[in-house]
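Number of protein chains: 2
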Amino acid sequence: MVGSVGNDGLMELGAAAGNGVGKGARPMEEQPPARREVVLGRNVHTASFAVKEPEADDDETGEREAAMASVLALYRRSLVERTKHHLGYPYNLDFDYGALSRLQHFSINNLGDPFIESNYGVHSRQFEVGVLDWFARLWELEKNEYWGYITNCGTEGNLHGILVGREVFPDGILYASLESHYSVFKAARMYRMECVKVDTLISGEIDCADFQRNLLLNRDKPAIINVNIGTTVKGAVDDLDMVIKTLEESGFKDRFYIHCDGALFGLMIPFVKKAPKVTFKKPIGSVSVSGHKFVGCPMPCGVQITRLEHINALSSNVEYLASRDATIMGSRNGHAPIFLWYTLNRKGYRGFQKEVQKCLRNAHYLKDRLREAGIGAMLNELSSTVVFERPKDEEFVRRWQLACEGSIAHVVVMPNVTIDKLDYFLNELAEKRAAWYDQDGMCQPPCIAGDVGQENCACILHKK
Amino acid sequence: MVGSVGNDGLMELGAAAGNGVGKGARPMEEQPPARREVVLGRNVHTASFAVKEPEADDDETGEREAAMASVLALYRRSLVERTKHHLGYPYNLDFDYGALSRLQHFSINNLGDPFIESNYGVHSRQFEVGVLDWFARLWELEKNEYWGYITNCGTEGNLHGILVGREVFPDGILYASLESHYSVFKAARMYRMECVKVDTLISGEIDCADFQRNLLLNRDKPAIINVNIGTTVKGAVDDLDMVIKTLEESGFKDRFYIHCDGALFGLMIPFVKKAPKVTFKKPIGSVSVSGHKFVGCPMPCGVQITRLEHINALSSNVEYLASRDATIMGSRNGHAPIFLWYTLNRKGYRGFQKEVQKCLRNAHYLKDRLREAGIGAMLNELSSTVVFERPKDEEFVRRWQLACEGSIAHVVVMPNVTIDKLDYFLNELAEKRAAWYDQDGMCQPPCIAGDVGQENCACILHKK
Numbered sequence: 000m001v002g003s004v005g006n007d008g009l010m011e012l013g014a015a016a017g018n019g020v021g022k023g024a025r026p027m028e029e030q031p032p033a034r035r036e037v038v039l040g041r042n043v044h045t046a047s048f049a050v051k052e053p054e055a056d057d058d059e060t061g062e063r064e065a066a067m068a069s070v071l072a073l074y075r076r077s078l079v080e081r082t083k084h085h086l087g088y089p090y091n092l093d094f095d096y097g098a099l100s101r102l103q104h105f106s107i108n109n110l111g112d113p114f115i116e117s118n119y120g121v122h123s124r125q126f127e128v129g130v131l132d133w134f135a136r137l138w139e140l141e142k143n144e145y146w147g148y149i150t151n152c153g154t155e156g157n158l159h160g161i162l163v164g165r166e167v168f169p170d171g172i173l174y175a176s177l178e179s180h181y182s183v184f185k186a187a188r189m190y191r192m193e194c195v196k197v198d199t200l201i202s203g204e205i206d207c208a209d210f211q212r213n214l215l216l217n218r219d220k221p222a223i224i225n226v227n228i229g230t231t232v233k234g235a236v237d238d239l240d241m242v243i244k245t246l247e248e249s250g251f252k253d254r255f256y257i258h259c260d261g262a263l264f265g266l267m268i269p270f271v272k273k274a275p276k277v278t279f280k281k282p283i284g285s286v287s288v289s290g291h292k293f294v295g296c297p298m299p300c301g302v303q304i305t306r307l308e309h310i311n312a313l314s315s316n317v318e319y320l321a322s323r324d325a326t327i328m329g330s331r332n333g334h335a336p337i338f339l340w341y342t343l344n345r346k347g348y349r350g351f352q353k354e355v356q357k358c359l360r361n362a363h364y365l366k367d368r369l370r371e372a373g374i375g376a377m378l379n380e381l382s383s384t385v386v387f388e389r390p391k392d393e394e395f396v397r398r399w400q401l402a403c404e405g406s407i408a409h410v411v412v413m414p415n416v417t418i419d420k421l422d423y424f425l426n427e428l429a430e431k432r433a434a435w436y437d438q439d440g441m442c443q444p445p446c447i448a449g450d451v452g453q454e455n456c457a458c459i460l461h462k463k
Numbered sequence: 000m001v002g003s004v005g006n007d008g009l010m011e012l013g014a015a016a017g018n019g020v021g022k023g024a025r026p027m028e029e030q031p032p033a034r035r036e037v038v039l040g041r042n043v044h045t046a047s048f049a050v051k052e053p054e055a056d057d058d059e060t061g062e063r064e065a066a067m068a069s070v071l072a073l074y075r076r077s078l079v080e081r082t083k084h085h086l087g088y089p090y091n092l093d094f095d096y097g098a099l100s101r102l103q104h105f106s107i108n109n110l111g112d113p114f115i116e117s118n119y120g121v122h123s124r125q126f127e128v129g130v131l132d133w134f135a136r137l138w139e140l141e142k143n144e145y146w147g148y149i150t151n152c153g154t155e156g157n158l159h160g161i162l163v164g165r166e167v168f169p170d171g172i173l174y175a176s177l178e179s180h181y182s183v184f185k186a187a188r189m190y191r192m193e194c195v196k197v198d199t200l201i202s203g204e205i206d207c208a209d210f211q212r213n214l215l216l217n218r219d220k221p222a223i224i225n226v227n228i229g230t231t232v233k234g235a236v237d238d239l240d241m242v243i244k245t246l247e248e249s250g251f252k253d254r255f256y257i258h259c260d261g262a263l264f265g266l267m268i269p270f271v272k273k274a275p276k277v278t279f280k281k282p283i284g285s286v287s288v289s290g291h292k293f294v295g296c297p298m299p300c301g302v303q304i305t306r307l308e309h310i311n312a313l314s315s316n317v318e319y320l321a322s323r324d325a326t327i328m329g330s331r332n333g334h335a336p337i338f339l340w341y342t343l344n345r346k347g348y349r350g351f352q353k354e355v356q357k358c359l360r361n362a363h364y365l366k367d368r369l370r371e372a373g374i375g376a377m378l379n380e381l382s383s384t385v386v387f388e389r390p391k392d393e394e395f396v397r398r399w400q401l402a403c404e405g406s407i408a409h410v411v412v413m414p415n416v417t418i419d420k421l422d423y424f425l426n427e428l429a430e431k432r433a434a435w436y437d438q439d440g441m442c443q444p445p446c447i448a449g450d451v452g453q454e455n456c457a458c459i460l461h462k463k
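Chains as they are written, first to last, in numbering that gives the first Met the number 0: chain H, 0 to 463; chain E, 0 to 463.
Next up, chain H with everything else stripped away, as it sits in the complex:
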């Protein structure tokens, strides 16, 4: 964290906004998130880099430029360190867009619909449409039958997919498993939709028996379903075929809309042999995937693909842009499509296939090594997300930027996560753990059977 670098020049710039957080203070970001109560309605100013009004003679002295350059250099150093110690979030941090650096001079904005030109000429629709075509092919929807756009993030994809579902079935009920991403429930609230939370299996997949029970309680209203292609915490892939079968058997034929939230695995699963196929040849309405996750991108972005026939329900004519607008956002980042286009072109389907295989292999390696070390761990068959006992020390959690929930943590094995990196992590974890859990048995690792099943738990009760 830059705030703790403790450089004087840096803090000088930051002081005005720092609420007294100085060199010796403990910025909030260093407090253990586990024990930290998330208090709503507070605006906690941690160390920040205040914007300071320039002096009248700044142009002459160059002091301002020098101070800013110093802040930025320190910040870059912290980014390098934080990028190196990162395992918990599904972001591929291994990319090289050096060839694109000069595009930063331009204000590239893909206003409105990607397929309809606006009068604003500084755009990258040519690249965007190329990328969309690639994804439509991946998910088997014909070029003249799809509509889509490049979003700002996975959340925008979910907001869009669920909105399309609601416009197709205005009185539909939204069904989503408890382990769905929180943006799904945010959408329900934003859109004033009735929402039913469905139970999950221990793997994290949707429990289709509970889904059916809920459907039968609501036979009179159409169903809008969020299907997880890789849940956030456990990387669980909902069984799309079973979901469709459940809907049809419960009398919902032609009265449902399925949105597939493929945030991470939407791009991985097509390359996993035994995986159930995500394809528009099945009766699904939309698929979204994040671009900054498996592909890797400097800023968050995503891809949203839906059926063209659904989009009329959403769009409205807006003469100002000489464009209809069926997107959630109007102005859209025109750089992201170029980053995606660049990587897709370089790697191709074959390149991604290789990377997916490597990630799955490395994930198995991590899970096996954890189990060998007597640490409870789970890895879903189709996933590269390894769930394991939450490390006791929050400093360790922060150091490796692990995402945690209750008693479990996870590592998402992405293309930039090598065996060497995993070994480094595993050795550090084993060493720390020996100190956390003493030999006399007074302090024991937590039981995580409730989260990952007894067979994956290594607590004193469940270990074999």
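A portion of the hints provided could be inaccurate.
Just so you know, same-sequence chains aren't split out, so a pair can sit in one copy or run between any two.
Distance condition first, Cα-Cα at most 20 Å in a straight line; then the derived SDA-like pairs of lysine to any residue [unchecked claim]:
| no. | residue 1 | residue 2 |
| --- | --- | --- |
| 1 | 366 | 395 |
| 2 | 220 | 191 |
| 3 | 353 | 53 |
Honestly, the hints are just simulated from the structure, not real lab data.
Since the structure of chain H is provided, determine the placement of chain E on it from the hints.
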């Protein structure tokens, strides 16, 4: 437009996606938008750069890299040209973020709330909070009383402000003038809110008499109002004081929420002497402004500031991120805050003041020169948006990237628009116009009195 560069190497890459649009074809983007019917439910593939699967030996031959570099070089050339001939959109294209180019190596993501640290370490919250503080100061809200975040664009600011309003007054009716940005009406539809469109004056400002009539018809429900600080087409600034007075006189005291859509002028108006003040010392709930407009930024972004007290209504705890999430998007672009921070630090309030004054002066120059040339034109007192008779030739409109609506077009005079550039434009317009409207009076310029008032119209009927 790159699609029309007509380079063979480029088209080779683009051909697979081109739907037969080759070198000689007329891509859709070259058709006149005015006469082009916006057809819903069509996915029109114009020239695009298809993603092509790499050959097995591409790594060795380097052909792929060379082809991509050639596409990118041509694209850059077109961006230079399009950036040069740009007048119609309110984007400041004059920026130099060279010092930040190395940040493109990092996947910077400000997940969730800017004030609550997440476990993901590669973020730029320190910069984001510095920028937010600056804007809160500008709009006079104390540091411990505001909440906000850096959005993806002006639309996200409007979506957020109106959502906050709805959560504060769940049964509130949304009021917005007819000339409000289309995202306001999109929000009403997304959020399932009752929405009343209010008439405008000829200037484009909200008509408070009509506003009052509508309020009195709906006394039983609270009011949520979108106030335009610069409308999209005419740059009209709604009279905030009059709006508040109208609400109070109509019996809505303490039963209203005002969102100020300050897309462009939210940052300009604090520096205009005679302008009504946008300040949280008045009973407003939120203000949003775009970052890529007056400040200038490679990608769209915006700033949203609201009262901290309102934010509880919106937020929900999300353990996964160790963060509550009161934003619309979850993952957020971490580069945009650094761009904004960089420019604010360099220019300061004084720098923006100078630029605003320059823009207003240059806008007056443009309007005067248009009128001298016998062209109907209007400029609102507080605005740098010059509205004038729509050029007859759509090629000219596209060349200068003018935004048009019906019979009018506009130029938004931004900091990068110099007198030289305006002269270049004016001379070209005068020359073309002489050809469009012949001397024998058979073909006359359109009457635009209905859009800009008789006194600003220069048609045969209204010219003096």
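Hints versus structure:
no., hint, in the structure
1, 366 <-> 395, "within (19 Å within a copy, 63 Å between copies)"
2, 220 <-> 191, "both (15 Å within a copy, 18 Å between copies)"
3, 353 <-> 53, "between (52 Å within a copy, 14 Å between copies)"
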